[in-house]
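All chains should be built: construct the whole structure from the sequences, respecting the hints.
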Amino acid sequence: MIPILEIKALYKSFGGLEALKDITFNIDSGEIIGLIGPNGAGKTTLFNCVAGIEKPTAGRIILTNGNHTIPIGGKKPEAVAALGIARTFQNIRLFDNLTVIDNVKIGRHCRTKSLFFGAVIRNKFQQAEEKAITESAYQFLEFVGLQGRGQEIARSMAYGDQRRLEIARALATGPRLLMLDEPAAGMNPQESRDLMDLIHRIRDNDITVLLIEHDMKVVMGVCERVVVINHGEWLTEGKPQDVQNNPKVIEAYLGTGAANAA
Amino acid sequence: MFLQQLVNGLTIGGIYAMIAVGYTMIYGVVQLINFAHGEIYMLGAFFAVTFISVLGIPFYAAFPLAMVCCAVCGVLLDIFAYRPLRQSPRLAALITAIGMSIFLQNLAMIIWGSRPKPFPQEALPAYFEKTAASFGGVNLSWFHLFIFGLTIVMMVGLNLIIKKTRWGRAMRAVAQNKTMAALTGINVNRVISYTFALAGALGGAAGIMVGAFYNSLYPTMGYVAGVKAFAAAVLGGIGSVPGAMLGGVVLGVAEALGAGYLSSLYRDGISYAVMIIVIILIPAGLFGRVLKETKKSM
Amino acid sequence: MGKLEPQNLTRGAKIRIGLLVFVLILPVLPFMTDYLLHIAILIFLYMILALGLNIVPGFNGLLDLGYVGFYGIGAYTSGLLTYHFGLSYWVIIPLAFINGAIWGILLGAPTLRLTGDYFAIVTFGFSELVVLFLTNEIWLTRGPLGLPGIDVVSIDLTLFGGPKWEFVGELPYYYLAIVMVLATVFVMYRIQDSRLGRAWFAIRDDEVAAVSCGINLLAYKVIAFSISAAFGAVGGSFFARWVTFLSPDMFKFWESFLILCMIVLGGMGNIWGVMIGAVILVSLSEILRELLPLLGLPVEVRFLAFGLIMVLMMRYRPAGMLPIAAVAAQMRAGRTKRRKTKPALGKKK
Chain D
4 MIPILEIKAL YKSFGGLEAL KDITFNIDSG EIIGLIGPNG AGKTTLFNCV
54 AGIEKPTAGR IILTNGNHTI PIGGKKPEAV AALGIARTFQ NIRLFDNLTV
104 IDNVKIGRHC RTKSLFFGAV IRNKFQQAEE KAITESAYQF LEFVGLQGRG
154 QEIARSMAYG DQRRLEIARA LATGPRLLML DEPAAGMNPQ ESRDLMDLIH
204 RIRDNDITVL LIEHDMKVVM GVCERVVVIN HGEWLTEGKP QDVQNNPKVI
254 EAYLGTGAAN AA
Chain S
217 MFLQQLVNGL TIGGIYAMIA VGYTMIYGVV QLINFAHGEI YMLGAFFAVT
267 FISVLGIPFY AAFPLAMVCC AVCGVLLDIF AYRPLRQSPR LAALITAIGM
317 SIFLQNLAMI IWGSRPKPFP QEALPAYFEK TAASFGGVNL SWFHLFIFGL
367 TIVMMVGLNL IIKKTRWGRA MRAVAQNKTM AALTGINVNR VISYTFALAG
417 ALGGAAGIMV GAFYNSLYPT MGYVAGVKAF AAAVLGGIGS VPGAMLGGVV
467 LGVAEALGAG YLSSLYRDGI SYAVMIIVII LIPAGLFGRV LKETKKSM
Chain A
28 MGKLEPQNLT RGAKIRIGLL VFVLILPVLP FMTDYLLHIA ILIFLYMILA
78 LGLNIVPGFN GLLDLGYVGF YGIGAYTSGL LTYHFGLSYW VIIPLAFING
128 AIWGILLGAP TLRLTGDYFA IVTFGFSELV VLFLTNEIWL TRGPLGLPGI
178 DVVSIDLTLF GGPKWEFVGE LPYYYLAIVM VLATVFVMYR IQDSRLGRAW
228 FAIRDDEVAA VSCGINLLAY KVIAFSISAA FGAVGGSFFA RWVTFLSPDM
278 FKFWESFLIL CMIVLGGMGN IWGVMIGAVI LVSLSEILRE LLPLLGLPVE
328 VRFLAFGLIM VLMMRYRPAG MLPIAAVAAQ MRAGRTKRRK TKPALGKKK
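From first to last, the protein sequence lines stand for chains D, S and A.
The first sequence: position 110 = 113 (my numbering), numbered continuously.
The second sequence: position 297 = 513 (my numbering), numbered continuously.
The third sequence: position 263 = 290 (my numbering), numbered continuously.
No wet-lab data here; the hints were simulated from the structure.
Incorrect hints may appear among the rest.
Said to hold, decoys possible - Label pairs and their computed distance ranges (CB to CB):
id	chain 1	residue 1	chain 2	residue 2	range
1	D	Gly69	A	Leu245	25 to 35 Å
2	S	Pro336	A	Leu53	25 to 35 Å
3	S	Arg388	A	Leu46	48 to 58 Å
4	A	Leu46	D	Glu138	29 to 39 Å
5	D	Ser16	S	Ile295	55 to 65 Å
6	S	Thr436	A	Leu63	25 to 35 Å
7	D	Ile65	S	Thr400	42 to 52 Å
8	A	His111	S	Ala500	41 to 51 Å
9	A	Leu133	S	Glu338	48 to 58 Å
10	A	Gly173	S	Ser480	17 to 27 Å
11	D	Gly148	A	Leu245	33 to 43 Å
Beta carbons: idealized from backbone N, C-alpha and C, even for Gly.
Right, dumping it as structure tokens:
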């Protein structure tokens, strides 16, 4: 398996607080991999380091693209997005006051170019680009199951739909790696099942998926491999069932995760 | 020439310091640049003149009385203009502050006329004019010493209030973390009003001294002085009272020396330039108090 | 734009076309005087300025207090180029635009990374420095004496063997101003509905999310600021060739505040709101100028009134008269969308 992302000896401290300590693992191209651990383990911090919102204190993060490798630790978030890593947010960050379709169109930003003159003069290039943006935006909406809802205002959507919209927007950035931060939070069982199906379909479109999740049903149902971190340190990794039965993992969760997975 | 400019600089610097601490204290507790603070300074001068000329109150009484009025003005400003916007985004509060500044400037213009007025010099103690010390071609009058002395006394007094009194501690608590301060039983609104009162009194005092010393009052005098004092506060590190004091003095001296040696035309420009450069290069200012980043998306 | 038959147009479009027709025939209506024409042109000028300023707080959520600096730079550049080199106004318009844009980039690039308060103050300082420069560099600008004798606008076809029409009186400027306003509105609409506009709205709505879509915050803020400055400069260029006399005290902070009032009153971010704000405030200013002496009040009460209006607007209708949802949501007190994001998520320097 070719790795798409390699995390090597990653450290992140906030002042005196060591949020991540010597994290090392790979993400293989085309896999669906879960990142689990109790609250406060450092999962979102890890995401933020990969996505460029936080700068690692030490260690390396390497993105592999075909034959070349690109170190991305410390790169700015917009650069990381352009390199093909998209993410969603734990607390859903949509453009609340914009329409659904605009939210997705903005996702296309890093794959498009037009600026002031294009906007005003509407030359052939800009027109073609806008057409492509609009078409692809509708396609992404359809992909996540929000077809026909383009003109709604993002703020007014139901929570589950907002999550799907955020995923559509992230997909619009044209990623090779999609990072989902607790996408199933607050979802009912049917929504969770739809989400798992969506994640499979995303992977079928050649996008690697890394997911932080607490809902063990989803983790078991969708992840091929699971990495466990606790207190900022790598604890173990492996197939979901193996990890689930690992006594160290159960202990880390103090039984809450294990209970849910039943 | 150098000594003369130095003395000028220290004099005006002390004034800037007094206005600057007002800006910095208010910013500390409500994270707002009180654009109207310069107008309180201006009102101080006008109140004093009105008390002296119209009501016949002697200088030594008019001075504190005007300070009290300025304190009241500060509190009213808070209660009626800023407090309702406590939860609003900064853009709204900033616009309100500018609006109040313009409102007060023009109110003063209507009440007192827009032409510069002199300060009733006859009301000042006679010995103010007399030379107290003379060296290197510079004459230090008692008025100079009065200003220096009063400035120092007020700065020391302010420091004592902030460090040693209950109110001072409450102010510092509110500046650090409003929510926690409220949870420990501090009446945040009252502390904020108190801060406005204190800032107002000091600003007013500065206004009176400037009006009397330079013998000229006009409704827009708060505008330029206000910006410069803000520059001083930024230089010292906004939120830091000792920083504002130091910033005021440094700015005053820099301005006087710059005007003396470089160009008197750009006297005001020196402050603006200092302010812009400091904000861009070292936003934390001399005393490094980090500006609380309250950008909406964070 | 579809078919122009009346039954195919929306009500809004009908209103706008009606207004346009009204405005076009206004000068020939019986009650029009040169004075009223002058006011109308002033309104159009402020519309252009307000639309330009609108980009920054309206589309980007930042407070620019130094807009008059660009207005002044545009006016004086235009005035001086005309005075010394006799340049045609049609050449000056694009030059003013570019000049304004360059100054916007120069001022914006180092300052747009600052937080809102500091940015406001720095732009304010900038505009004050511009005024100081205009006042003191007498060799260039004649300082407080002012710069008179700027040529009027003319259409010069002598190169093609045709005549040269000089603008005489208010009427030609009236129509020129209408054209410029329409051009400005056109540009604003085009930007709004484009990738650039969307990027700005994204930044305004949620910077962290915008960044995750690949938007470079600083670059886009600088673009916004620069375009805003460009329009300010174009407005200034018109002003110079219209009143044919410039002096530094025409470009004081008060102008920035006035234009800000227009966009706040009308509705930040809303193109029509901003234009309506311009109409209201300029009209109000003139009405008060006539009315106040009759009431025995000094003319300065106008300014006082505007200050008070702003304070009241912020208190009761912070998003303006024609608010747009995004800005209204931002300006509402006690914002309901408090994000419970962990500090780690958004800690940018």
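Hint check results:
With their beta carbons about 31 Å apart, glycine 69 of chain D and leucine 245 of chain A fall inside the hinted range of 25 to 35 Å. Evaluation of the 25 to 35 Å hint for proline 336 of chain S and leucine 53 of chain A yields a failure: the beta carbon distance comes to about 55 Å. For the hinted restraint 48 to 58 Å between arginine 388 of chain S and leucine 46 of chain A, the CB-CB distance of approximately 57 Å keeps it satisfied. Between leucine 46 of chain A and glutamate 138 of chain D, the C-beta spacing of about 36 Å keeps the proposed range 29 to 39 Å intact.
With their beta carbons about 44 Å apart, serine 16 of chain D and isoleucine 295 of chain S fall outside the hinted range of 55 to 65 Å. For the pair threonine 436 of chain S and leucine 63 of chain A, the supplied restraint of 25 to 35 Å holds, since their beta-carbon distance comes to about 32 Å. At roughly 49 Å, the beta-carbon separation of isoleucine 65 of chain D and threonine 400 of chain S lies within the given 42 to 52 Å, and the hint holds. Distance hint check for histidine 111 of chain A and alanine 500 of chain S: the Cβ-Cβ separation is about 45 Å, which falls inside the suggested range of 41 to 51 Å.
At roughly 52 Å, the beta carbons of leucine 133 of chain A and glutamate 338 of chain S sit within the given window of 48 to 58 Å. Distance hint check for glycine 173 of chain A and serine 480 of chain S: the Cβ-Cβ separation is about 22 Å, which falls inside the suggested range of 17 to 27 Å. Distance hint check: the CB atoms of glycine 148 of chain D and leucine 245 of chain A are about 36 Å apart, consistent with the given range 33 to 43 Å.
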